[in-house]
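Sequences are here, hints too, so could you generate the full structure?
Chains as they are written, first to last, in the numbering used here: chain A, 395 to 737; chain B, 395 to 737; chain C, 395 to 737.
Worth flagging that the hints you see were computed from the coordinates, not collected in a lab. Heads up, some of the hints might be wrong.
Which copy is meant is left open, because identical chains are indistinguishable; a pair holds if it fits in one copy or across any two.
As the list claims (entries may be wrong) - As a list, the in silico DSSO-like pairs of lysine-lysine whose alpha-carbon atoms are at most 27 Å apart:
| hint | residue 1 | residue 2 |
| --- | --- | --- |
| 1 | Lys712 | Lys418 |
| 2 | Lys701 | Lys588 |
| 3 | Lys701 | Lys418 |
| 4 | Lys710 | Lys488 |
| 5 | Lys513 | Lys680 |
| 6 | Lys671 | Lys701 |
| 7 | Lys712 | Lys428 |
| 8 | Lys687 | Lys710 |
| 9 | Lys428 | Lys671 |
| 10 | Lys701 | Lys413 |
| 11 | Lys641 | Lys418 |
| 12 | Lys588 | Lys513 |
| 13 | Lys671 | Lys513 |
| 14 | Lys513 | Lys687 |
So the chains spell out like this:
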Amino acid sequence: MFLRNQWYVACRAEEVTDKPLGRKVCNESMVFFKGPTGAIAAVEDFCPHRGAPLSLGRVCEGQLVCGYHGLVMGCDGHTVSMPGHQVRGFEPVKSFPVIERYGFVWVWPGDADKVDQTKMPVFEWFENPAWAYGGGLYHIGCDYRLMIDNLMDLSHETYVHATSIGQTEIDETPSQTVTEGNAVVTRRLMEGIKAPPFWQMAMRANDLPEDALVDRWQICRFSPPSHVMIEVGVALSGKGGYHAEAKDKAYSVVVDFITPETNSSIHYFWGMVRQFKPQDSELTAKIRDGQAKIFSEDLQMLEMQQKNIEAHPERKLKILSIDAGGVMSRRVIERLLAEERNT
Amino acid sequence: MFLRNQWYVACRAEEVTDKPLGRKVCNESMVFFKGPTGAIAAVEDFCPHRGAPLSLGRVCEGQLVCGYHGLVMGCDGHTVSMPGHQVRGFEPVKSFPVIERYGFVWVWPGDADKVDQTKMPVFEWFENPAWAYGGGLYHIGCDYRLMIDNLMDLSHETYVHATSIGQTEIDETPSQTVTEGNAVVTRRLMEGIKAPPFWQMAMRANDLPEDALVDRWQICRFSPPSHVMIEVGVALSGKGGYHAEAKDKAYSVVVDFITPETNSSIHYFWGMVRQFKPQDSELTAKIRDGQAKIFSEDLQMLEMQQKNIEAHPERKLKILSIDAGGVMSRRVIERLLAEERNT
Amino acid sequence: MFLRNQWYVACRAEEVTDKPLGRKVCNESMVFFKGPTGAIAAVEDFCPHRGAPLSLGRVCEGQLVCGYHGLVMGCDGHTVSMPGHQVRGFEPVKSFPVIERYGFVWVWPGDADKVDQTKMPVFEWFENPAWAYGGGLYHIGCDYRLMIDNLMDLSHETYVHATSIGQTEIDETPSQTVTEGNAVVTRRLMEGIKAPPFWQMAMRANDLPEDALVDRWQICRFSPPSHVMIEVGVALSGKGGYHAEAKDKAYSVVVDFITPETNSSIHYFWGMVRQFKPQDSELTAKIRDGQAKIFSEDLQMLEMQQKNIEAHPERKLKILSIDAGGVMSRRVIERLLAEERNT
Numbered sequence: 395m396f397l398r399n400q401w402y403v404a405c406r407a408e409e410v411t412d413k414p415l416g417r418k419v420c421n422e423s424m425v426f427f428k429g430p431t432g433a434i435a436a437v438e439d440f441c442p443h444r445g446a447p448l449s450l451g452r453v454c455e456g457q458l459v460c461g462y463h464g465l466v467m468g469c470d471g472h473t474v475s476m477p478g479h480q481v482r483g484f485e486p487v488k489s490f491p492v493i494e495r496y497g498f499v500w501v502w503p504g505d506a507d508k509v510d511q512t513k514m515p516v517f518e519w520f521e522n523p524a525w526a527y528g529g530g531l532y533h534i535g536c537d538y539r540l541m542i543d544n545l546m547d548l549s550h551e552t553y554v555h556a557t558s559i560g561q562t563e564i565d566e567t568p569s570q571t572v573t574e575g576n577a578v579v580t581r582r583l584m585e586g587i588k589a590p591p592f593w594q595m596a597m598r599a600n601d602l603p604e605d606a607l608v609d610r611w612q613i614c615r616f617s618p619p620s621h622v623m624i625e626v627g628v629a630l631s632g633k634g635g636y637h638a639e640a641k642d643k644a645y646s647v648v649v650d651f652i653t654p655e656t657n658s659s660i661h662y663f664w665g666m667v668r669q670f671k672p673q674d675s676e677l678t679a680k681i682r683d684g685q686a687k688i689f690s691e692d693l694q695m696l697e698m699q700q701k702n703i704e705a706h707p708e709r710k711l712k713i714l715s716i717d718a719g720g721v722m723s724r725r726v727i728e729r730l731l732a733e734e735r736n737t
Numbered sequence: 395m396f397l398r399n400q401w402y403v404a405c406r407a408e409e410v411t412d413k414p415l416g417r418k419v420c421n422e423s424m425v426f427f428k429g430p431t432g433a434i435a436a437v438e439d440f441c442p443h444r445g446a447p448l449s450l451g452r453v454c455e456g457q458l459v460c461g462y463h464g465l466v467m468g469c470d471g472h473t474v475s476m477p478g479h480q481v482r483g484f485e486p487v488k489s490f491p492v493i494e495r496y497g498f499v500w501v502w503p504g505d506a507d508k509v510d511q512t513k514m515p516v517f518e519w520f521e522n523p524a525w526a527y528g529g530g531l532y533h534i535g536c537d538y539r540l541m542i543d544n545l546m547d548l549s550h551e552t553y554v555h556a557t558s559i560g561q562t563e564i565d566e567t568p569s570q571t572v573t574e575g576n577a578v579v580t581r582r583l584m585e586g587i588k589a590p591p592f593w594q595m596a597m598r599a600n601d602l603p604e605d606a607l608v609d610r611w612q613i614c615r616f617s618p619p620s621h622v623m624i625e626v627g628v629a630l631s632g633k634g635g636y637h638a639e640a641k642d643k644a645y646s647v648v649v650d651f652i653t654p655e656t657n658s659s660i661h662y663f664w665g666m667v668r669q670f671k672p673q674d675s676e677l678t679a680k681i682r683d684g685q686a687k688i689f690s691e692d693l694q695m696l697e698m699q700q701k702n703i704e705a706h707p708e709r710k711l712k713i714l715s716i717d718a719g720g721v722m723s724r725r726v727i728e729r730l731l732a733e734e735r736n737t
Numbered sequence: 395m396f397l398r399n400q401w402y403v404a405c406r407a408e409e410v411t412d413k414p415l416g417r418k419v420c421n422e423s424m425v426f427f428k429g430p431t432g433a434i435a436a437v438e439d440f441c442p443h444r445g446a447p448l449s450l451g452r453v454c455e456g457q458l459v460c461g462y463h464g465l466v467m468g469c470d471g472h473t474v475s476m477p478g479h480q481v482r483g484f485e486p487v488k489s490f491p492v493i494e495r496y497g498f499v500w501v502w503p504g505d506a507d508k509v510d511q512t513k514m515p516v517f518e519w520f521e522n523p524a525w526a527y528g529g530g531l532y533h534i535g536c537d538y539r540l541m542i543d544n545l546m547d548l549s550h551e552t553y554v555h556a557t558s559i560g561q562t563e564i565d566e567t568p569s570q571t572v573t574e575g576n577a578v579v580t581r582r583l584m585e586g587i588k589a590p591p592f593w594q595m596a597m598r599a600n601d602l603p604e605d606a607l608v609d610r611w612q613i614c615r616f617s618p619p620s621h622v623m624i625e626v627g628v629a630l631s632g633k634g635g636y637h638a639e640a641k642d643k644a645y646s647v648v649v650d651f652i653t654p655e656t657n658s659s660i661h662y663f664w665g666m667v668r669q670f671k672p673q674d675s676e677l678t679a680k681i682r683d684g685q686a687k688i689f690s691e692d693l694q695m696l697e698m699q700q701k702n703i704e705a706h707p708e709r710k711l712k713i714l715s716i717d718a719g720g721v722m723s724r725r726v727i728e729r730l731l732a733e734e735r736n737t
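Written out as structure tokens, the structure reads:
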């Protein structure tokens, strides 16, 4: 169903405080906590003593103390100690490789002995002060692939997000989709159009005339296991479009990390990084609020779509040219799933 | 379980506005909308493109526009168009025959090629200005047949509705039940009794002395698939009872349309038409409010009865003389179900 | 799963008022009501007429009148009468032996012909004015045995109840567990320690210096089917501990009646009887409020433990010395379950 030997975003780093955080990722109940070095660790949320949830416990000197009977769990899933008991014979619980990067906690839910740092994606903008990031988290009751479909086909903006980022020109402009290794890229370029409300706001914020004709671009990039980065922006028409100088455009990247919780639910980490006015935290908050509203418009659609598909497993959905991004992304996933099964 | 080749009430006509309305009828997820002529149409609430719920879309010039990617669905379940795509090869979704009548939208959830206008019930009072109607809708978690049982045996009024329409005389007076073709009729006549609170109110409204002795009648009529009309009223005692002149009685009909949603839930359209003071809209509202309260008293009973029966599928329920109405109605349903299976 | 031929607490006696009370015990839906002598009776919450819940009815002269159609049910599960009907042929529903004692209603969910008064537990303190009782009821979504485990191993107090009754000395002091017939007793004695907050309060209430060193004891006693009485207290250090004179100690018994509702939920009747200031009803209320808070701290732990165990049926939980009380109690239950199957 989903790839296991991959890095998934489990949470924002700040969600793991002095207290442990319980979260299910790819059907694995995990607990995240700060280990002895301050680095975040993840083990099964299951005390090897009596099955209590370790996430109800506390962290003491970098070890997780079960809130039921005080078993002390180490970052590696081995029981360290327990008041009044020998713990040598205790079966370990699973521990999960973790990388803390870009403000997120990334977890590898699969086989720990196959952990592969090179699979960790690289994002230039998170660590570059010329960019600013804002984002949030939604829990959605749908198969993670429906969310990939959604993001790899932005023609839905015209309908779902008609009042913010949608415009009929999206629909009327064909997109091109290509596979680049394990990535899938869908491009749509619209020239000489009027910017929709969200982008008018971005142009104002960037000191550009909001009423001017613009060239608009949407470049959706899927990469395994389920990340979708979308380069979006508008430039004053005739100034080079995507390649225009920074002063002539408003440019940002929609950052989507989709983490399967179960077969029919996801943690959806949405956000946006932008290249303009990165120090303006008020603008960051404003964009995040706008994006929160826009992405909330997809929730009901995706959850009802999930129910419809579950009710009719016999039906084959149509595959149109606009679906190429989702379809090709699913093919990459299928190919990698087959590889996982064979190794 | 339930008859499919029949007309069921799906909604009040006013529920279908400029926006489409999603509702499940007989396990079919349907969406209702106004077609190009203004007539209401019903198709599956399932977009043939990617399974999105069409009910989240909008209506544009009598066609349903999917709220996800703009597929345009016609009243007949065939895709009309989709921005940027050829739709000739699209599989149609089911469309459901609809009749708009009496302020309701009637739908035929079964085989469209067996649609039969003559099965549409005829109600004289809805279109006669000498009558006034008021009603409402309850969603109840029970098998639709438990609601038929309820309405075909009004001896429950003595217990469930003790403070409004119940009185011990109902219990003490036997009823007669007969089958008339596919209809089942249960009659109970009580003579020289005191009217219960609801009927005292109706007598006052009809300028009759509320304390007078009355003859009271209850004539429950089941007709397929699951309609129950109940003629109810009181006349000043000795004035002819059911056949008394209008000035000597308060007379109305309880109008019940029971629409299965699933095997264990219903849309229950309750209401009342009355022959007295039909122009008095304040009285209509007052009666509707009273009826809403009375019918709400059945909700918990029916839902817990459903749970009890599900927990004990092995138990055979008693069939008493008071149950004749429900039992005979179920026999009609069984006979028609067998006919449906054989055609 | 649970013993059936045993006495379980169904409710506090005052919960059965003029109205009947519906409650599920050991997967049996029961209705409790006051019979003709005023004694509480219990029958299935299932009307033999049409399966309606009798608990929605009313009590009339010691008989239960169904709220749907007026069937009159006797204390023995036989239908007494029904308006307008002969009831001789009606199948009886189950009736359940009931004992009203100690302020509780005890029910025997098993075979009525095996009812055994000698299995009814005897508690001296409930009827002795030198003792005062206060308690409450929690509904918890867990197997009743997880609650027995919890109460037979008070080392969890150090972690779950750190701010009230927990203290590290509990953890550091080994306990002894023995089986005494069908009972299991776990003892822990701590000498020369400081009293935790709850016991400091009890000492103040008992006119003892709250800062004094004390000897503390915890004697947990499981008895079938699922009662756990815990003698707890503190005495001024060196005054004889458990056997100290009343003036030198604060002594009480935690009274726990665990009643399975289903295989994965319980009615948990918690409470405390105390030997000091029994007439002080303000103190009773204060202790009950404190205990309500303490026991509420176990709820989430037990419900999440239940879910964890259900998710991993293949895992064998560890059995440590601290678990001896729970483990030996489960063994008693297993032995008695085998006896039930063989008789």
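Right, here's what the structure says about each hint:
1. Lys712 <-> Lys418: between (32 Å within a copy, 24 Å between copies)
2. Lys701 <-> Lys588: neither (37 Å within a copy, 54 Å between copies)
3. Lys701 <-> Lys418: both (21 Å within a copy, 13 Å between copies)
4. Lys710 <-> Lys488: between (38 Å within a copy, 15 Å between copies)
5. Lys513 <-> Lys680: neither (33 Å within a copy, 59 Å between copies)
6. Lys671 <-> Lys701: neither (42 Å within a copy, 48 Å between copies)
7. Lys712 <-> Lys428: between (47 Å within a copy, 26 Å between copies)
8. Lys687 <-> Lys710: neither (32 Å within a copy, 46 Å between copies)
9. Lys428 <-> Lys671: Close neither inside one copy (34 Å) nor across copies (48 Å); limit 27 Å.
10. Lys701 <-> Lys413: Intra 36 Å, inter 21 Å, cutoff 27 Å: inter-copy only.
11. Lys641 <-> Lys418: neither (44 Å within a copy, 54 Å between copies)
12. Lys588 <-> Lys513: Cα proximity of Lys588 and Lys513: none, with 40 Å in one copy and 55 Å across.
13. Lys671 <-> Lys513: neither (32 Å within a copy, 69 Å between copies)
14. Lys513 <-> Lys687: Neither. Shortest intra-copy (32 Å) and inter-copy (48 Å) distances fail the 27 Å Cα cut-off.
Against the hints set out earlier in the document, violations occur for numbers 2, 5, 6, 8, 9, 11, 12, 13, 14.
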